[in-house]
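Peer 1: Chains as they are written, first to last, in numbering that gives the first Met the number 0: chain V, 0 to 470; chain D, 0 to 1041.
It should be emphasised that the hints constitute simulated quantities derived from the structure, not laboratory data. Beta carbons are placed, not taken as given, at the ideal position from N, Cα and C, and that holds for glycine. One or more hints might be untrue.
Quick look at which bits of chain D chain V covers, simulated, 3 or more residues with Cβ under 8 Å [to be verified]:
id	region
1	570-577
2	653-663
3	679-685
4	688-694
5	835-849
6	973-985
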Amino acid sequence: MKFIKILSLSLLVVFLSTSCEDQLDINTNPLVATSADPNAVLPYVFVQYSNRYVTELGTRILDVPQQLSFCYNSPARGNTSSFLTGNTWFMYYNQVLGNLQLVEQDAEAAGISNNNINAIAKVMKAKAYFELSCIWGDIPFTEALDGATYPSPNFDDQQTVFNGCIDILDEAMALIDAIGDASVNVGQGDLIYGGDMAKWRKWANSIKIRILMLMRNKDASADSRLAAALGEPVIETLADMAAVRYLDTPGEAISYERFVSSFFGPDNESTGAFSPSPVSFDLMMAKGGPRANVLYTDTNGNGAADIGTTTPNAATNAVVSNNIIRRDYLHVMFLPSEISYYRAELGMLGVTGDDVQSNFDAGLRSDCEFWGGSGPGASGLISAADIDDYIANYGTVTMQDIHEQLYLAGFMRPVYSWNTVRRTGVPTMEDYPGTGISSMLKRFDYPPDEVASNVNTPANPPTDTKMWFEN
Amino acid sequence: MKKLSLLLVIFLFAVGFSYGQRTVSGNITDADGLALIGANVIAKGSTVGTITDIDGNFTLTVPEGTTELEVSYTGYADQTINIDGLSNVVITMQEGQVLKEVVITALGIEKEESTLGYSVDKIDSEELTKARATNIVNSLQGKVTGVQINNSSGNLGASSKMIIRGATSLSGRNNPLWVIDGMPFNNSQIDGVSAISGNRDFGNGAMVVNPDDVESMSVLKGAAATALYGSRAAAGAIIVTTKRGKASKDGGARVELNSSYRWDNMFVVPDYQQDYAMGSQAKYDSSSIGFDWGPRNVGQTVNSLPVTGESGALQKIDNNGVQDFFTTGRTLINNVAISDGNERMDYRISMGALNQTGIVPGSELDRYNVSLNAGVNHSDRLKSRFGVQFTKTDSKGTAAAGANDPNIIGLSSFSSTLDQAVFQPWIDDAGNQINQPTPTSNNPYWIRHENRNDRDDTRVLANMQVTYGLFDNLDITGKVGYDFGQDNRFITNKKGTAQVLEGDFLVDKINQTQFNTDIIANYGIDVNEDVTLNVLGGFNYNKRKLVREGLFSQSLLVPELFDPGNTELNVANRGFSEQALFGLYGSIDIGYKSWATLTLTGRNDWSSTLPANNRSYFYPSASLAFVFSDAFDLTNDMFSYGKLRLSYAQVGNDTGPYQLDFNFNPISNATGQYGLGVNFPFDGRLAFAKSNTIPPADLRPEQQTSYEIGAELDFFDYRLGLDIAYFKSENKDQILALPIPESTGFASLRTNVGQVNTSGVEFTIDAVPVKFGNFQWNTAINYSSAKVEVVELAEGVDRVLISSAFNSVQVVAEEGAGFELLAIPFLRVEDSLSTEFGGRPLINPVDGTRLAGETRTMGSVLPDFNMGFVNSFDVGNLNLSFTIDWRSGGVMKSSTVENLQTGGLVTETLGNREGTFIDREGVIDNGDGTFRENDIPLANAQAFWTSLDNNSVGEPFIYDASFVKLREVALNYTLPQSLLGDSFIKGLTLGLESRNVWLIYSEVPHIDPESNLFGAGQDGWGVERSSTPGTRSIGFNVKATF
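Using the sequences plus the hints, can you model the full thing?
Peer 2: Rendered as structure tokens:
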């Protein structure tokens, strides 16, 4: 009996003591990967970028350029909350640039067969840095994304960033030009163009032109570079436009629609969650032609609600129509009209020899087709005849007209329309009630997380301090 | 031959003892005259002894010359009885003043308190079952030094968070280890959903422990006390020992019944104003619920009353109807236990039931416990014991807290003219929501009764141990334990719920298991008359596993058909982790003359979560107990006992699983503001993303060093006792995801970094201030302070995020400070710029509102000190006891108060409602370096109050979180034995009891200052948002023994 007891105890000891090392070698997560196919990483970058952009900037700062009368948790009065700044900064640097950096490094290591992937990563990278600088001004650029060498990246001025973005775009275009016959398939990962690199090249050049247009107020070299860039392929048709196209299915719908249906009610027209400001509404009514009634609904004829006025749960004033606030709307990143208006502007200034009127008309036509014609903005609501009438009766174009149309094309596009107003000063912004700053908001404060962890973060200028590119 | 020798020795001893010996008999009872079975009786100065039988009788043959008997019985004071010239004695044992109190220390080792060189607090079953808390953690509130307990809300099944001696970890490892009958068990809380998008508090793991099953709880505070448990107990340990079986006083089975019935109501009701109606700018608006800036309510007739839309006169609803909505909750606690035992075996079976309905309509919780604890002494050498606790918890409809969830009903969701009766009914025959305030907001009864927030939790804690005495002084114990938890959660939004019109549901299944085994060899010997030696060596293996699987489905076709086939979108998710730890440990106790004990321990752990080259780590401890009153024979009528304690310990600590590798994670959701995510696959595309944390290059174990010095002093024959301790701990090399500039492309770098020092003082005063006749007053005061100082973080890092809340409010660890609340203050005139106006808020000259400043820390979220005042009065069979709980210091941000004030709902918003006024605290910056008194009028009070949180300013809603509470009161009457006579009832006690009786003092208006958003899962003290109101419970109790 005693033997059996001792034996049992010994067996227990042996049982418990076996394979200690095996038991400890379990620290590998079975649910994650150690490497990833760019066709799986790029969709994350596009959609994460787009959804954070739409939900953070789209729902919160569209009243800064007064596209909307009011945004919840808006910084329009001068204070940019740490959540707005922190989430946006995190998205750009960590979720977008951090992942693109790894995609780019792998593609470069793989060589020419991955030129397409490399170029896509570079275009998105340049776009992200450009928008970061448009929001904050000086940002980490030359020392960014290299924590091993630069644990506390220094901040570069806006001119350096913009020039650097152009360099990246030039590199991307060179990579595309050098693509051989045996490129890897990036059709699955490329949510924007399905792997069509000719379109990527146009988009890269178009972004370059957008940057140069901002720079030309302060950089004399910009005009010649613009003229050269406009001589290369650019986005000039709706088929080439850059956008994330959302779907009419739950979970894949654009968050503008979900913002309304989740927090306000069945749709925007009955709740007015997105309502135009008097600035944008009146301008659209006066100069937008047939687009106006597609983009806005003003059932009661009350016009737009005053700036800074919320009309929650009651669409008594003009509202953004359900044509737009719908599940399968697009996150527009580049429309062909922008190039047309730039051509008209530069032609009018004599920078290029482009014809002003024809380019301006092309811009009007393209916008009308996007928001109501055959384009995907709100398809089939505007007849070709109405577009022809609108263009024919517009009258002689002025610089004010060009700038106004650039602004109207920024409908539901926060950074683009903010840039347009800051660059051109058109249209004139109304005073925001209760504002604590001397003008419209010009920049965000740096996010507290970057301030706390990066000793090289500069002091925040007042949020009404102009950007370098502004006059 | 050996047997023969043994017989010879026994014979010689027998002859020796027989010579000159005599027989003494006696009877041992407790103070009530009931026989004590198994009491030890030893002839002083010899090894001769016996134990009492079932009638409490003993007969002992003592050596000649024996004049005293030493009598001991667990839980009673030892006695020395003079038997000089006596052959029969009657001995009455006294509870209470236990001279050689035995406490359960690490690994379940029983030690005399006098031998401990570190601080251990013990709570016995009587204290735990006095006005029983439904969460056992709350039973300790106010009763233990060095312990801070936060119960997060009045929600059914709400979690409570405990920390011991402050917070030392920057990575959330501040929760003590819980151990039940030698088996570590899981007290973690896994958050439901998220604190930002609506928090669902499903309790903490330890709340499954049934207070009626607990014999005692030891609170091991310092690292020296917990050293043998290793790294997992770096933040202290709670050692739960369950009750063992014992026979009734007549020797038969013992049956105990304990029943309570209580009514629960709101503990704090906001000071609502009833003078002004709902609306804005003095205009009535029937849709403006929770926004009472309308006209003065003089009973005027309005065209549209809220919800009904009918015309009628405005009413004034008492307390805004909040007590009509938050109704009386009911708590029924029943426990019955059957036990028996003798010298050979014991067993105890217990069945408990907790049945509750909450103050939140539609909420209910049922918890059933079945436990078994049994042991057998198979022989002198072989003993075995096993225990099982099975707990089933089923809660339905508990409340959500936080924001961004339609199911949250905070105290600011009420209006002065809104009768809750108008919301009835909330559903029509077709299943549609009706009587909504507006088409886009919900009828509160709809979300309470139609949307589910259910939890079905099964928990099994099982343990088994076998002890075998290899030799007289050497025994080996093997312990095996298993903790199984299956937590199934089910959260729905019914189709038709505003903000989730298409409906959705979440299935969340969490399985947590833990296997633990120890093999311990223990050798004890009296080296000589003065020196004793006890050597212990052991082996530990611990493995924990978590599997979490869930499904989130949106857009239901058929309402209430919660099947993925009935939804347009289904997102499945899965989580898995496991970790293992091996430990080898040993300790040596060297005792000298019973007044000095030196304890040395060492433990080496091997952890699966650390790099293979650094996974082994050793840590030592040393402690000394010196009973100087015995050493120097200092005892007299005034001074009864004096002991000094000294201890030093190092503890290593590992980290969580899977933190060493760089990974790409499959992503199912692209995140967005307001919880607006987009799902993958998106347009048929899968998504992977890199992790945001750079993995560590060469991770080392954390290192905590702690010191403690203390003293125990007793006076006046133990009627006054003082226990005082000073402690300090240094927690270095913390394993932390250190925030790095996000401009590097990553958010954090996991590394060893930083140092947090914690130091503090604790003292306990126990006293019997009054004792005469059958009246006795026992009192205890306990005090503990813990100063937490973040000594260093990392180069260039001033603060580290601990928990993030809403509107720019965070809990951070700040270098040079502690765990601080970070928020946006008002912009104020700097003192250096103006002596006259320095410190006052700057006013926006455009509209007269206050300007926002830069985010800064607003004070520690941890208290300066905690104090408890425990009292018990006995008059014959009547006992009155109460506990006062005082927490001093610490700050909290209350979003409920923010919403009550900005919504014009509470009385402080009544001033200046009609007409302009000037914020006289404010100052205007003249722009030339000078300032002037504010002269910019605000339109009215609404303009002032609603602007206070402009730009996410949090300062006006941050309060000193100090409070004094009458935590519990119990009045019990035990029927005298004479009344019960020979009935089958052996004992009967009737009582009245109340918990959270009275908020004696609080700086926080309108709410319970203990309310907390984060629950037990995070180190998120100091933030409250739409928490379920805390409750006051009053009821009665019956305890009977059969």
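Peer 1: To test your reading of the hints: which numbers does this structure violate?
Peer 2: 6
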